[in-house]
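A.B. asks: Residues per chain, in single letters:
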Amino acid sequence: MVNILESYAYNNGLKNINPQIKILFAFITLIVSLIAVSPVVPLIIAFFIFLLLFFEAKIPISVYLKFMSIPLLFGVFNIIFMTLFFGISEPWVNLGFLNLIAYKDGFNLGLLVFSRMIGCVSCMAFLILTTPVSELLFLAESFKVPKIVTEISLLMYRYIFVFLEEARTMYHAQETRCGYSGIKKSLKSLGLLISNLFIRSWTRGDAIYLSMQSRGYNGSIKVFHTNNKLGFKPILMILFFESLLLLGVYLTREFQLI
Amino acid sequence: MITGSDSMEIINADNISYSYPDGTQALKNVNFSVETGEIVALLGPNGAGKSTLFLHFNGILRPESGKIKVNSQPIVYDKKGLMEVRKKVGIVFQNPDDQLFAPTVGEDVAFGPMNMGLELQEVEKRVKEALEKVDMVGYEKKPPHHLSGGQKKRVAIAGILAMNPEIMVLDEPTSGLDPKGASLILQLLYKLNEEGITIIISTHDVDLVPLYADRIYIISEGKIIKKGTPRNVFADINTIRGANLRLPRIAHLIEILQKEDNVPFEKPYPLTIGEARKRVLEHLDDKK
Ligand SMILES: Nc1ncnc2c1ncn2[C@@H]1O[C@H](COP(=O)(O)OP(=O)(O)O)[C@@H](O)[C@H]1O
Ligand SMILES: [Mg+2]
Numbered sequence: 000m001v002n003i004l005e006s007y008a009y010n011n012g013l014k015n016i017n018p019q020i021k022i023l024f025a026f027i028t029l030i031v032s033l034i035a036v037s038p039v040v041p042l043i044i045a046f047f048i049f050l051l052l053f054f055e056a057k058i059p060i061s062v063y064l065k066f067m068s069i070p071l072l073f074g075v076f077n078i079i080f081m082t083l084f085f086g087i088s089e090p091w092v093n094l095g096f097l098n099l100i101a102y103k104d105g106f107n108l109g110l111l112v113f114s115r116m117i118g119c120v121s122c123m124a125f126l127i128l129t130t131p132v133s134e135l136l137f138l139a140e141s142f143k144v145p146k147i148v149t150e151i152s153l154l155m156y157r158y159i160f161v162f163l164e165e166a167r168t169m170y171h172a173q174e175t176r177c178g179y180s181g182i183k184k185s186l187k188s189l190g191l192l193i194s195n196l197f198i199r200s201w202t203r204g205d206a207i208y209l210s211m212q213s214r215g216y217n218g219s220i221k222v223f224h225t226n227n228k229l230g231f232k233p234i235l236m237i238l239f240f241e242s243l244l245l246l247g248v249y250l251t252r253e254f255q256l257i
Numbered sequence: 000m001i002t003g004s005d006s007m008e009i010i011n012a013d014n015i016s017y018s019y020p021d022g023t024q025a026l027k028n029v030n031f032s033v034e035t036g037e038i039v040a041l042l043g044p045n046g047a048g049k050s051t052l053f054l055h056f057n058g059i060l061r062p063e064s065g066k067i068k069v070n071s072q073p074i075v076y077d078k079k080g081l082m083e084v085r086k087k088v089g090i091v092f093q094n095p096d097d098q099l100f101a102p103t104v105g106e107d108v109a110f111g112p113m114n115m116g117l118e119l120q121e122v123e124k125r126v127k128e129a130l131e132k133v134d135m136v137g138y139e140k141k142p143p144h145h146l147s148g149g150q151k152k153r154v155a156i157a158g159i160l161a162m163n164p165e166i167m168v169l170d171e172p173t174s175g176l177d178p179k180g181a182s183l184i185l186q187l188l189y190k191l192n193e194e195g196i197t198i199i200i201s202t203h204d205v206d207l208v209p210l211y212a213d214r215i216y217i218i219s220e221g222k223i224i225k226k227g228t229p230r231n232v233f234a235d236i237n238t239i240r241g242a243n244l245r246l247p248r249i250a251h252l253i254e255i256l257q258k259e260d261n262v263p264f265e266k267p268y269p270l271t272i273g274e275a276r277k278r279v280l281e282h283l284d285d286k287k
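Respectively, the protein sequence lines represent chains A and B.
The first sequence begins at 0 in numbering that gives the first Met the number 0 and counts up by one.
The second sequence begins at 0 in numbering that gives the first Met the number 0 and counts up by one.
Just so you know, the hints here were simulated from the structure itself, not pulled from any lab data.
Quantities reported herein were computed from a predicted structural model and do not represent experimental measurements.
Misleading hints may appear alongside valid ones.
Stretch-level coverage of chain B by chain A, calculated; a stretch enters the list once three of its residues show a Cβ under 8 Å from a Cβ in chain A [said to hold, decoys possible]: (1) 13-19; (2) 26-39; (3) 49-61.
Below, in silico cross-link-like pairs of lysine-lysine (BS3-like), each with a Cα-Cα straight-line distance of 30 Å or less [claimed, not checked]: (4) B/K277 to B/K225; (5) A/K221 to B/K87; (6) A/K14 to A/K221; (7) A/K143 to B/K141; (8) B/K225 to A/K221.
Beta carbons are placed, not taken as given, at the ideal position from N, Cα and C, and that holds for glycine.
Just need the whole structure built from these sequences, with the hints factored in.
C.D. replies: Here's what the structure looks like:
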């Protein structure tokens, strides 16, 4: 899963768009989605991002659904839960079993939470599926996130994939020798795998340090980054789009589905 | 600067010994020297001390006794001295995953030049040139884990090239690569050498080495047991076999033809297919 998402980040229809623009867009839209007081705007946002991902970024619908399925499920449960337990006004429907009563205001609140969630997750999906992690880290640095955090994330990001590969190989090697037949053996094999990975990460750390020293490392990773300049036009477009959304938020502030 | 005639020697390990903290003595009185513009191969079985020796060349390890000189200057083991020597001597590590740590190819290649404190423009230029030299242009924004083994190796080489070293040291550059990939790497090194970089490689691939190396050192159990041109070194079959190495396949074939089948080939045995072909043709001509 990580691998799939990751490879789209490096290879999608929007990969040539300046990453800062994408990040700016995702974050402002996320905030708009959060401050919306009715479900309308967040749902529009979700739909708009879906269109962007599908038609512009050319992300297959299956990948998009995979990404959204868990939040969607969670959101639906949330609506049900809030409808039943979060009402304070008069009852809406009496379900007739277990003394469960649905409340109108509970439902509206649940729907609002649901839509905000979908809106925000969409923004995140947009970011993750179209923007490589290295760009996010770079931006984090320019937002004054402490260097130690970005450096560790940078190394972690790279070596997660290396260790994933090694863990997979070791797992196959264990499977080949029937290491996972039965619960007891499975536990033992898994334990061995994990402790082995731990030792390897240790020796690998040593090796990396040597190779970094060879290239003149002296305690801080200086990241080199080339970015095309932020154009004026895309910023204006984003501002225009977000203003429209904000206007939408204002106009639909009283809107309730039921 | 290279001046005078005696400074042809670009790297010199003078009688160095080294033991790891656990007591393993990895190098015993090793003498190793390389002249400007050479391709030198360090040949030895696993555990012979090849990697350990290489780590001395840019001051990562410090010999217990003996001296390392680069351009006739002993390495100075302080911050400034080490930075100096690391600009001159670049090491490409055996496993590219140990070397490529940055999230993208471009950032990784830029790591060395950035540490050298170059202007951003200069860094960008060097990254571009280095990637051009190893034929990996267009991969700048790709993460290393989306590359093949051979491609990773080439990016690792680019990361060193971008620092414009005078000497490039490569620890088993062909290990883990398919024949085509290995051959491509060696061709690349040959090309870099023609552009003026002195090259030192370690390997146990005796078939490829004679094609490229000007001189060979053989290391076994921490000691240099033989040095010379490929022809001279491989003529000493007992030493080669004693070090758990073997002759190049082609030389082995000629040896068998001579010894078992009494085909009158003379020593030294040919080391490459080209030489062998010539000798066989000569032999056929003689018989006519
Ligand atoms: N970090 C270490 N700690 C202790 N012993 C080591 C270490 N690295 C290598 N050695 C030992 O030093 C010797 C030489 O190793 P090395 O230089 O890696 O050989 P090569 O590169 O020729 O395979 C071996 O006996 C090896 O076990
Ligand atoms: Mg080694």
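A.B. asks: Look at each hint and say if it fits the structure.
C.D. replies: Now the hints, each set against the structure:
Against chain A, the stretch 13-19 of chain B contributes 0 residues with a C-beta closer than 8 Å to a partner C-beta. That does not satisfy the three-residue criterion, and the hint is violated. A count of 0 residues in the stretch 26-39 of chain B with a Cβ less than 8 Å from any Cβ of chain A is obtained; the coverage claim is therefore unmet, three being the minimum. Only when three residues or more bring their CB closer than 8 Å to a CB of chain A does the claim for the stretch 49-61 of chain B stand; here the count is 3, and the claim holds. With a C-alpha separation of about 28 Å, the suggested pair B/K277 and B/K225 falls inside the 30 Å cut-off, and the hint holds.
For the hint pairing A/K221 with B/K87, the CA-to-CA distance comes to about 20 Å; that is within 30 Å, so the pair holds. The suggested pairing of A/K14 with A/K221 holds, with an alpha-carbon distance near 24 Å, which does not exceed 30 Å. Our distance criterion of 30 Å between C-alpha atoms is met by A/K143 and B/K141, whose separation comes to about 25 Å. Between the alpha carbons of B/K225 and A/K221 the distance comes to roughly 43 Å, so the proposed pair goes past 30 Å and is violated.
Checked against the numbered hints listed earlier, the structure breaks hints 1, 2, 8; every other hint is satisfied.
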